[in-house]
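J.: Could you build the full structure based on these sequences and the hints that come with them?
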Amino acid sequence: MDAAPQTATPSAEGPIGAKAFLDQLFTAGVLTETGVDGLYGRSGDFEEVIERFEALVTRYAGADKAERIHFPPGMPRPMLEKSGYLKSFPQLAGCVHSFMGGEADHARLLQMLANGEDWTELQQATDVVLTPAACYPLYPTVAKRGPMPEGGVLFDLKSYCFRHEPSQDPARMQLFRMREYVRIGSPEEVRAFRESWLERGPELIRSLGLSCEIDLANDPFFGRAGKMLANNQRDQGLKFELLIPVANEKPTACLSFNYHQDHFGTLWGIQQADGAPAHSACVGFGLERVALALFRHHGMKVADWPQSVRAVLWG
Amino acid sequence: MRDRIRKLIAERKVVAVDVDTLTDTSDLYEAGLSSFASIQFMLALEDEFDIEFPERMLTRKTFVSIESIDRSIAELIGEQV
Ligand SMILES: [Zn+2]
Numbered sequence: 000m001d002a003a004p005q006t007a008t009p010s011a012e013g014p015i016g017a018k019a020f021l022d023q024l025f026t027a028g029v030l031t032e033t034g035v036d037g038l039y040g041r042s043g044d045f046e047e048v049i050e051r052f053e054a055l056v057t058r059y060a061g062a063d064k065a066e067r068i069h070f071p072p073g074m075p076r077p078m079l080e081k082s083g084y085l086k087s088f089p090q091l092a093g094c095v096h097s098f099m100g101g102e103a104d105h106a107r108l109l110q111m112l113a114n115g116e117d118w119t120e121l122q123q124a125t126d127v128v129l130t131p132a133a134c135y136p137l138y139p140t141v142a143k144r145g146p147m148p149e150g151g152v153l154f155d156l157k158s159y160c161f162r163h164e165p166s167q168d169p170a171r172m173q174l175f176r177m178r179e180y181v182r183i184g185s186p187e188e189v190r191a192f193r194e195s196w197l198e199r200g201p202e203l204i205r206s207l208g209l210s211c212e213i214d215l216a217n218d219p220f221f222g223r224a225g226k227m228l229a230n231n232q233r234d235q236g237l238k239f240e241l242l243i244p245v246a247n248e249k250p251t252a253c254l255s256f257n258y259h260q261d262h263f264g265t266l267w268g269i270q271q272a273d274g275a276p277a278h279s280a281c282v283g284f285g286l287e288r289v290a291l292a293l294f295r296h297h298g299m300k301v302a303d304w305p306q307s308v309r310a311v312l313w314g
Numbered sequence: 000m001r002d003r004i005r006k007l008i009a010e011r012k013v014v015a016v017d018v019d020t021l022t023d024t025s026d027l028y029e030a031g032l033s034s035f036a037s038i039q040f041m042l043a044l045e046d047e048f049d050i051e052f053p054e055r056m057l058t059r060k061t062f063v064s065i066e067s068i069d070r071s072i073a074e075l076i077g078e079q080v
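Top line first, the protein sequences correspond to chains W and X.
Per numbering that gives the first Met the number 0, the very first residue in the first sequence carries number 0; after that it's consecutive.
Per numbering that gives the first Met the number 0, the very first residue in the second sequence carries number 0; after that it's consecutive.
Please keep in mind that the hints were generated in silico from the structure rather than gathered at the bench.
Quantities reported herein were computed from a predicted structural model and do not represent experimental measurements.
Heads up, some of the hints might be wrong.
Stated by the list, open to error - Taking lysine-lysine and the DSSO-like style, the derived pairs with C-alpha atoms no more than 27 Å apart in a straight line are: (1) X/LYS6 / W/LYS226; (2) W/LYS300 / W/LYS86; (3) W/LYS238 / W/LYS157; (4) X/LYS6 / W/LYS143.
Stated by the list, open to error - Quick look at which bits of chain X chain W covers, simulated, 3 or more residues with Cβ under 8 Å: (5) 31 to 43; (6) 48 to 60.
Note that CB positions come from ideal geometry on N, CA and C, so glycine has one too.
T.: Next up, the structure:
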C-alpha cells in the first residue's frame with residue numbers, strides 16, 4: 000500500500016518499547032488499567048479479535064478431530080504439587096488463600112484493614128491453585144481413563160492462566176488465556192503432531208499480515224539448577240517458539256511447541272495401548288499476545304485493519 | 000577422583016543400573032539419569048568436591064559420563080590453585 004491514509008496510530012514498525020505500547024493500548028481503550036501491572040480489562044474489539052483468531056486456529060486444526068475440554072483457571076493444589084511445577088517455577092505459581100477463621104478473627108481482620116495493617120496473615124491456603132498452563136489439569140485426567148486407545152489421543156484446551164510476573168510489558172500479563180492442542184501417544188505420533196504445527200503455525204500467523212520466525216527456546220526455570228534444566232531443554236530441542244516482533248527489541252513468543260518426552264506420561268501413569276509410558280506434546284497459543292501483535296501492526300482501530308487481514312479473521 | 004564419582008552415583012542412586020556396569024564413557028542419561036536427578040547429582044558433586052559449577056558447565060554435556068564429569072571437576076579444581 001503506497002498511498003496509505005494518515006491515521007492517528009503512530010508507526011507500527013520497529014520497537015517502541017513495551018511501556019509506550021501499553022500506554023497506547025490504554026489511550027485507545029483496547030486495554031483498561033486496573034492499578035496492578037499485568038491485570039487489565041479487555042475491550043469488546045480485543046475480545047472479538049481473540050474469538051476470530053481462535054476460530055481461525057480451529058479451522059486449521061479441524062480435520063484433526065480433537066476432544067475439546069475446558070478446565071477452570073484454578074486447579075487442585077495437590078495436582079500442581081505432584082506436577083513438579085514448584086521445582087521448576089516456584090516464582091510464577093499462585094495459590095488461592097481464603098479466610099477460614101471465626102468471628103473473633105473476623106473482627107481482628109477488620110481492625111487490621113482499618114489500621115492499614117497486613118491482614119493477609121489471617122488467610123490460609125485453600126485446595127485451589129491458579130492454573131499455570133492450560134494443559135496441566137489434563138494429564139491426570141487422561142491417566143484416570145486408563146490405557147489410551149491405539150493411535151493415542153488429541154485434546155483442544157483453553158484456560159485463563161496465571162503467572163506471577165508483574166510487568167508493564169502488555170505481552171507479559173499475570174492473567175492471560177492460553178489455547179492448546181495436546182497430543183498424547185507414542186513418540187512418533189507426538190513428534191509428528193509437533194512437526195505439523197511447526198508448519199501450520201507460521202502459515203497461520205503470516206496469513207494475518209504478521210512476520211514471524213521459529214526459534215529454539217527454553218522455559219524460565221528457577222535458579223542455578225534451572226539453568227541446567229534450560230540447557231537440557233535446549234540441547235534436546237524440546238521447546239520451540241514462534242516469535243513475532245511486537246513492541247520490544249526482542250520479538251515476543253506468541254506460540255510455543257513443546258515436547259515433554261515421557262515426563263507427564265511417567266509422572267501420572269499415562270499408558271500407551273501397549274502399556275508403555277505415553278509421550279506428550281502441546282502447542283500453545285498465547286491469545287492475548289497474538290491479539291497484541293495484531294493491534295500493534297495493524298493499528299488500534301480494528302475497522303481500519305487491512306482488508307486482507309479482516310478477510311482472514313472475519314471472512 | 001573417578002572412584003569418588005562412582006561412589007556418589009551408587010550412593011545417590013543417580014542412574015537406574017548398577018554403577019559397576021558403567022564404563023567411564025557410558026552415557027549416564029541412557030543409563031536412566033533424568034533431568035531432575037541430574038540437578039541433585041550436580042549439587043551432590045559440588046558438595047563432595049567443594050566446587051561450584053559455573054553456568055557454562057551447567058549442561059547435559061558436562062554430566063553425560065564419568066569421564067566428562069571428571070574432566071570438568073579437574074578443570075575447576077585446577078582453576079582454584
Ligand atoms: Zn501445554
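J.: Give a verdict on every hint.
T.: Status of the hints after comparison with the structure:
1. X/LYS6 / W/LYS226: holds, 26 Å
2. W/LYS300 / W/LYS86: Status violated; Cα separation ~43 Å.
3. W/LYS238 / W/LYS157: Judged against 27 Å, a Cα distance of about 20 Å means the pair holds.
4. X/LYS6 / W/LYS143: At roughly 40 Å apart (the allowed maximum being 27 Å), W/LYS143 and X/LYS6 break the hint.
5. 31 to 43: holds (count 6)
6. 48 to 60: It holds, with 5 qualifying residues against the three required.
Violated hints, in rising order: 2, 4; the structure is consistent with all others.
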